[in-house]
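*Asks:* Spelled out, the chains give:
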Amino acid sequence: MTSSTGRATFTAEQAREAFPDEVVTTAVTRLVRVPGLSGEVALITLDNGHDHTRPSTFGPQGLLSLARAFDEAVAADPVAIAITGKPFVFAVGADLSGVGRLSSPDLARRIAETGHEVFRRFTEAAVPTFAFVNGAVMGGGLELALSCHYRTLASNAAAIALPEVFLGLFPGWGGTQLLPNLVGADGAVEVIIENALNQNKMLSPARAAELGIVDVVFDSADYLEQSLRWLADVVSENLTPVRRKIDRGEAWQAALARGRAFVAAKTHGASPGAAKALELLELARDHDLDAGYAAETDALAQLLLTDELRAGLYAFDLVQKRARRPVGAPDKALARPVGKVGIVGAGLMASQLALLFVRRLKVPVVLTDIDKDRVDKGVGYVHAEIDKLLGRGRLSPDAANRLKALVTGSLDKAVFADADLVIEAVFEELAVKRQVFAEVEQHVSAECVLATNTSSLSVSQMAAELAHPERVVGLHFFNPVAVLPLVEVIRGEWTDDASLATAFAVGKQLKKSCVLVSDAPAFVVNRLLTRFLGEVVSALDAGTPFEVADAALEPLGLPMSPLVLLQLVGPTVALHVAETMHEAFPDRFPVSPNLRRFVEAGKTAVYLWDEAGNQRVDPEVLALWEGGDQPQTAEQVRTRAEEALADEVRRMLDDGVVAEAQDVDLCLLLGAGWPFWLGGITPYLDRAGVSERVTGKRFLAPGVASVPV
Amino acid sequence: MAALVASERALRTVVFVDGVRTPFGKAGPKGIYAETRADDLVVKVIRELLRRHPELPPERIDEVAIAATTQIGDQGLTIGRTAALLAGLPKSVPGYAIDRMCAGAMTAVTTAASGIAFGAYDVAIAGGVEHMGRHPMGEGVDPNPRFLADRLVDPSALVMGQTAENLHDRFPAVTKQRADAFAAASQDRYDRAVKAGHIGPELVPVATRSAERGWGLASADEPPRPGTTVAGLAGLKTPFRPHGRVTAGNAAGLNDGATGCILADSSTVAELGLPTGMRLVGYAFAGVEPEVMGVGPVPATERALRRTGLTMDDIGLIEINEAFAVQVLAFLDHFGIADDDPRVNQWGGAIATGHPLASSGVRLMTQLARQFTTRQDVRYGITTMCIGIGMGGTVIWENPNYTGGGQ
Numbered sequence: 096m097t098s099s100t101g102r103a104t105f106t107a108e109q110a111r112e113a114f115p116d117e118v119v120t121t122a123v124t125r126l127v128r129v130p131g132l133s134g135e136v137a138l139i140t141l142d143n144g145h146d147h148t149r150p151s152t153f154g155p156q157g158l159l160s161l162a163r164a165f166d167e168a169v170a171a172d173p174v175a176i177a178i179t180g181k182p183f184v185f186a187v188g189a190d191l192s193g194v195g196r197l198s199s200p201d202l203a204r205r206i207a208e209t210g211h212e213v214f215r216r217f218t219e220a221a222v223p224t225f226a227f228v229n230g231a232v233m234g235g236g237l238e239l240a241l242s243c244h245y246r247t248l249a250s251n252a253a254a255i256a257l258p259e260v261f262l263g264l265f266p267g268w269g270g271t272q273l274l275p276n277l278v279g280a281d282g283a284v285e286v287i288i289e290n291a292l293n294q295n296k297m298l299s300p301a302r303a304a305e306l307g308i309v310d311v312v313f314d315s316a317d318y319l320e321q322s323l324r325w326l327a328d329v330v331s332e333n334l335t336p337v338r339r340k341i342d343r344g345e346a347w348q349a350a351l352a353r354g355r356a357f358v359a360a361k362t363h364g365a366s367p368g369a370a371k372a373l374e375l376l377e378l379a380r381d382h383d384l385d386a387g388y389a390a391e392t393d394a395l396a397q398l399l400l401t402d403e404l405r406a407g408l409y410a411f412d413l414v415q416k417r418a419r420r421p422v423g424a425p426d427k428a429l430a431r432p433v434g435k436v437g438i439v440g441a442g443l444m445a446s447q448l449a450l451l452f453v454r455r456l457k458v459p460v461v462l463t464d465i466d467k468d469r470v471d472k473g474v475g476y477v478h479a480e481i482d483k484l485l486g487r488g489r490l491s492p493d494a495a496n497r498l499k500a501l502v503t504g505s506l507d508k509a510v511f512a513d514a515d516l517v518i519e520a521v522f523e524e525l526a527v528k529r530q531v532f533a534e535v536e537q538h539v540s541a542e543c544v545l546a547t548n549t550s551s552l553s554v555s556q557m558a559a560e561l562a563h564p565e566r567v568v569g570l571h572f573f574n575p576v577a578v579l580p581l582v583e584v585i586r587g588e589w590t591d592d593a594s595l596a597t598a599f600a601v602g603k604q605l606k607k608s609c610v611l612v613s614d615a616p617a618f619v620v621n622r623l624l625t626r627f628l629g630e631v632v633s634a635l636d637a638g639t640p641f642e643v644a645d646a647a648l649e650p651l652g653l654p655m656s657p658l659v660l661l662q663l664v665g666p667t668v669a670l671h672v673a674e675t676m677h678e679a680f681p682d683r684f685p686v687s688p689n690l691r692r693f694v695e696a697g698k699t700a701v702y703l704w705d706e707a708g709n710q711r712v713d714p715e716v717l718a719l720w721e722g723g724d725q726p727q728t729a730e731q732v733r734t735r736a737e738e739a740l741a742d743e744v745r746r747m748l749d750d751g752v753v754a755e756a757q758d759v760d761l762c763l764l765l766g767a768g769w770p771f772w773l774g775g776i777t778p779y780l781d782r783a784g785v786s787e788r789v790t791g792k793r794f795l796a797p798g799v800a801s802v803p804v
Numbered sequence: 027m028a029a030l031v032a033s034e035r036a037l038r039t040v041v042f043v044d045g046v047r048t049p050f051g052k053a054g055p056k057g058i059y060a061e062t063r064a065d066d067l068v069v070k071v072i073r074e075l076l077r078r079h080p081e082l083p084p085e086r087i088d089e090v091a092i093a094a095t096t097q098i099g100d101q102g103l104t105i106g107r108t109a110a111l112l113a114g115l116p117k118s119v120p121g122y123a124i125d126r127m128c129a130g131a132m133t134a135v136t137t138a139a140s141g142i143a144f145g146a147y148d149v150a151i152a153g154g155v156e157h158m159g160r161h162p163m164g165e166g167v168d169p170n171p172r173f174l175a176d177r178l179v180d181p182s183a184l185v186m187g188q189t190a191e192n193l194h195d196r197f198p199a200v201t202k203q204r205a206d207a208f209a210a211a212s213q214d215r216y217d218r219a220v221k222a223g224h225i226g227p228e229l230v231p232v233a234t235r236s237a238e239r240g241w242g243l244a245s246a247d248e249p250p251r252p253g254t255t256v257a258g259l260a261g262l263k264t265p266f267r268p269h270g271r272v273t274a275g276n277a278a279g280l281n282d283g284a285t286g287c288i289l290a291d292s293s294t295v296a297e298l299g300l301p302t303g304m305r306l307v308g309y310a311f312a313g314v315e316p317e318v319m320g321v322g323p324v325p326a327t328e329r330a331l332r333r334t335g336l337t338m339d340d341i342g343l344i345e346i347n348e349a350f351a352v353q354v355l356a357f358l359d360h361f362g363i364a365d366d367d368p369r370v371n372q373w374g375g376a377i378a379t380g381h382p383l384a385s386s387g388v389r390l391m392t393q394l395a396r397q398f399t400t401r402q403d404v405r406y407g408i409t410t411m412c413i414g415i416g417m418g419g420t421v422i423w424e425n426p427n428y429t430g431g432g433q
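These protein sequence lines map, in sequence, to chains A and B. Residue 541 in the numbering used here sits at position 446 of the first sequence, with consecutive numbering throughout. Residue 323 in the numbering used here sits at position 297 of the second sequence, with consecutive numbering throughout.
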């Protein structure tokens with residue numbers, strides 16, 4: 096493979112064959128006269144022919160087009176070569192939709208090599224090369240920019256990131272080698288590892304400049320003109336961009352150690368992409384591009400064919416697409432506008448809901464409760480939160496005034512008379528909730544949607560006695576409401592399409608991802624977490640040491656261990672849901688007497704932490720837990736927990752709780768924060784063979800979230 | 027500042043600090059600005075003015091007056107205000123849109139300058155834009171039927187080429203031969219001015235997008251046709267009349283471009299350390315019969331000279347807009363100036379460089395100010411232009427570099 100003779104690794108025909116549906120990003124070269132330069136500048140524009148809502152990406156044909164544009168540029172004997180993108184977009188990396196069908200190791204290797212080969216031409220060009228990063232730049236787009244000698248950035252660039260590790264991959268077209276050698280390992284770990292694993296955090300243009308990823312930021316109003324002027328200054332040696340000195344000693348090691356600790360905490364070693372990224376960053380310290388790119392290629396060829404990566408891409412597709420177009424939602428046109436919201440209850444959950452509704456819908460939100468103190472406290476909480484947002488500069492004073500004026504409280508449900516949606520967040524007891532809805536119904540219009548935020552009770556039973564049961568829906572939010580993006584939208588026995596459509600429309604306005612769930616006990620997330628937690632608690636009850644049982648699931652790389660999850664949910668709530676589930680399915684959902692004692696003792700956590708953050712089991716908890724004499728190994732605990740999950744998911748699908756396994760996965764990704772490499776859960780259960788062992792079949796066909804066979 | 031009452035008010039001296047413009051383009055789908063917005067052209071101009079004058083704090087700008095003839099779409103929405111916001115000027119800086127057809131930018135200057143002289147502003151930006159590709163002449167017009175019913179104007183008055191033909195009728199001494207010769211000379215003078223580096227430094231390069239060809243950079247005027255000869259012009263079609271005299275060769279084309287300048291009162295110029303390009307002496311606008319609008323510069327100049335107590339003998343440099351060669355020649359004949367007088371459009375004119383209607387006035391001024399820097403022998407110069415619907419405008423400027431002698 097040579098990098099300057101124009102030999103690409105694909106022929107045009109092979110490129111088309113490899114990825115027939117590619118939305119090709121075309122690279123066109125134009126010769127430009129720039130004041131102050133005697134020769135011409137070859138300016139390459141990347142453009143896939145769509146507007147900014149379909150950003151330019153690279154597939155095999157796009158890479159070939161770029162190679163041709165580069166050759167054309169070189170042939171014109173320019174004083175410099177610059178590359179930029181269509182309006183608002185530079186390039187956002189490899190076209191991932193093609194990776195799903197990739198099944199040949201040879202093809203995977205060639206995709207890796209072609210990216211390296213084409214991008215490297217910009218690195219090894221005989222004339223200076225410039226990336227004018229005029230907008231969104233991610234993954235391979237940023238790697239192309241890094242392959243150039245110089246970079247300018249537009250001040251309004253909206254997305255700057257190397258998100259590969261977030262997806263289960265690593266930056267494999269030079270990113271792991273170029274970035275640390277440009278900005279140091281510290282910045283590279285921040286971008287490649289930490290940002291990616293922090294919900295794919297984007298860099299601001301200012302931060303990108305601070306890290307040294309770009310040489311200079313220009314205002315968007317005349318970005319390209321100023322970039323060309325800057326190019327002229329650099330080419331004519333009026334200006335030499337200052338690059339940071341790279342510390343290849345201790346600082347490099349320290350950054351990598353930080354990265355390793357971060358990856359361990361976030362993935363527990365379950366994501367091969369993150370681990371590979373660290374290895375390659377290590378290698379970049381004292382190897383040249385030949386060695387570095389060869390290592391990237393080897394790793395990429397291997398990783399592209401792992402089920403973990405496919406699960407990650409599947410999960411990405413779910414949260415990007417399915418989450419935005421909920422399956423089974425009625426026609427949007429049926430939704431009724433919501434101009435006022437009522438909230439029954441003024442406790443913490445109710446107050447969080449009030450804050451969310453007022454911030455997103457910007458309509459009057461009125462809270463009611465049984466005494467004035469509670470109402471005042473609820474309204475006070477919302478006002479205080481708005482003030483905090485104001486203090487942090489997230490809201491303008493005018494906007495804060497507006498929102499605060501919209502949130503009021505009352506003791507009289509008559510204030511709901513002109514509400515279009517009333518949601519209850521009162522005590523989790525069916526009788527209480529039925530009574531609340533009956534009272535509310537006396538005041539509201541016949542079309543007003545009544546929503547319940549119940550976590551496990553039957554929506555249909557809540558509606559049964561009402562004059563208009565068709566207006567009752569479940570809107571199950573997850574705690575903390577402001578953070579977790581999932582809302583389970585529950586259709587009860589009588590719920591009509593208009594009410595359901597209104598619920599979905601409100602969910603969307605709240606910027607939540609909605610999944611349609613039927614009225615089954617505890618819906619999706621709580622049902623699965625309860626079943627799963629039940630297995631761990633059973634293991635404890637059988638005498639398995641706390642440390643063993645709780646660490647058993649570590650290989651899955653869940654965001655927290657089961658017993659820490661128990662603490663987050665709150666043992667009282669967890670017990671309550673477990674009891675509800677026990678009532679519905681006694682054989683699969685036991686209620687542990689130990690857990691009950693634990694709750695009755697007023698304990699909220701299994702663990703104690705010392706000042707250094709070391710965790711140990713609370714001796715009082717140990718004392719009250721009456722363990723059996725059949726301890727399990729970690730392996731056994733994990734197997735039982737996985738089998739329980741497979742069993743429960745299969746039952747849910749058979750009972751039609753959700754439309755497809757994809758909805759279960761989406762719920763776990765968004766409502767429980769389960770990781771991409773598990774694809775939610777069903778891709779993992781399939782690839783680990785658990786599904787077939789327990790249920791006799793897979794959840795997803797081979798190739799959907801795994802490498803096709 | 028102490029409160030002023032009318033009786034105490036004294037006029038202030040207005041300075042043309044500096045002017046820039048975009049390269050001018052050919053209107054139409056193949057032109058350099060075919061896929062560039064008009065407001066973006068103005069934005070580039072405003073930003074370049076600020077970049078060239080870091081000594082001017084943006085918050086000191088008291089007004090942004092931008093002209094456009096067709097105030098629709100990207101030339102609408104009060105373009106002086108919107109372009110100021112898009113250019114990143116502080117939100118406290120106001121702006122407005124102004125229209126006097128071809129003399130839009132000229133009127134932006136005279137109006138803003140009058141505000142400065144009056145004491146309402148210290149610093150203003152004035153300029154103009156016309157994207158005749160996106161907004162062809164006459165787009166969306168709806169002339170009152172009484173114009174024709176009451177014979178207020180001749181039917182030819184709204185077609186500028188026909189008004190030029192009418193002007194040939196009125197001044198038979200201005201022949202097609204003279205018009206073509208003047209046009210060829212304009213192309214030649216422009217070409218020499220570019221090669222000598224006179225034209226170019228005032229240009230702000232503009233990135234131009236083509237969905238098909240990718241990004242480019244406009245850094246030179248597109249319309250000029252160097253090497254134009256009288257013989258070559260002789261054979262061109264006369265689209266406004268069979269066997270007429272007005273051709274695409276002896277008229278300005280249909281063009282896209284924007285211009286802008288900084289104006290300030292002389293004490294603010296001193297305070298901020300801004301350069302003095304020219305000093306405003308006086309100005310006048312005058313109306314003429316709409317069907318011979320090209321004669322407008324004659325009464326406008328007479329009026330401006332009269333009001334300032336000057337005569338044409340005092341004027342050392344003339345920048346006259348070349349909408350049509352005939353209209354320049356009618357002006358020269360009136361004042362007894364030779365067709366090839368070196369005082370007139372010495373760097374060529376709109377026949378070469380193009381005439382994006384409302385932007386051209388500031389191109390003339392910028393060019394005059396730049397000529398002043400090398401002509402210490404010249405004390406006064408004028409910028410003048412004809413205006414659709416029968417008007418002319420003339421602004422008289424004083425050269426700060428004048429050292430006496432000459433004249």
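Just so you know, the hints here were simulated from the structure itself, not pulled from any lab data. The C-beta atom is built at its ideal place from N, Cα and C for all residues, glycine as well. One should not assume that every hint holds.
[What the hints assert, rightly or not] If you only want the chain A side, here are some residues facing chain B, beta carbon under 10 Å, derived:
1) L319
2) E320
3) Q321
*Asks:* So, against the hints stated earlier in the document, which numbers end up violated here?
*Replies:* none
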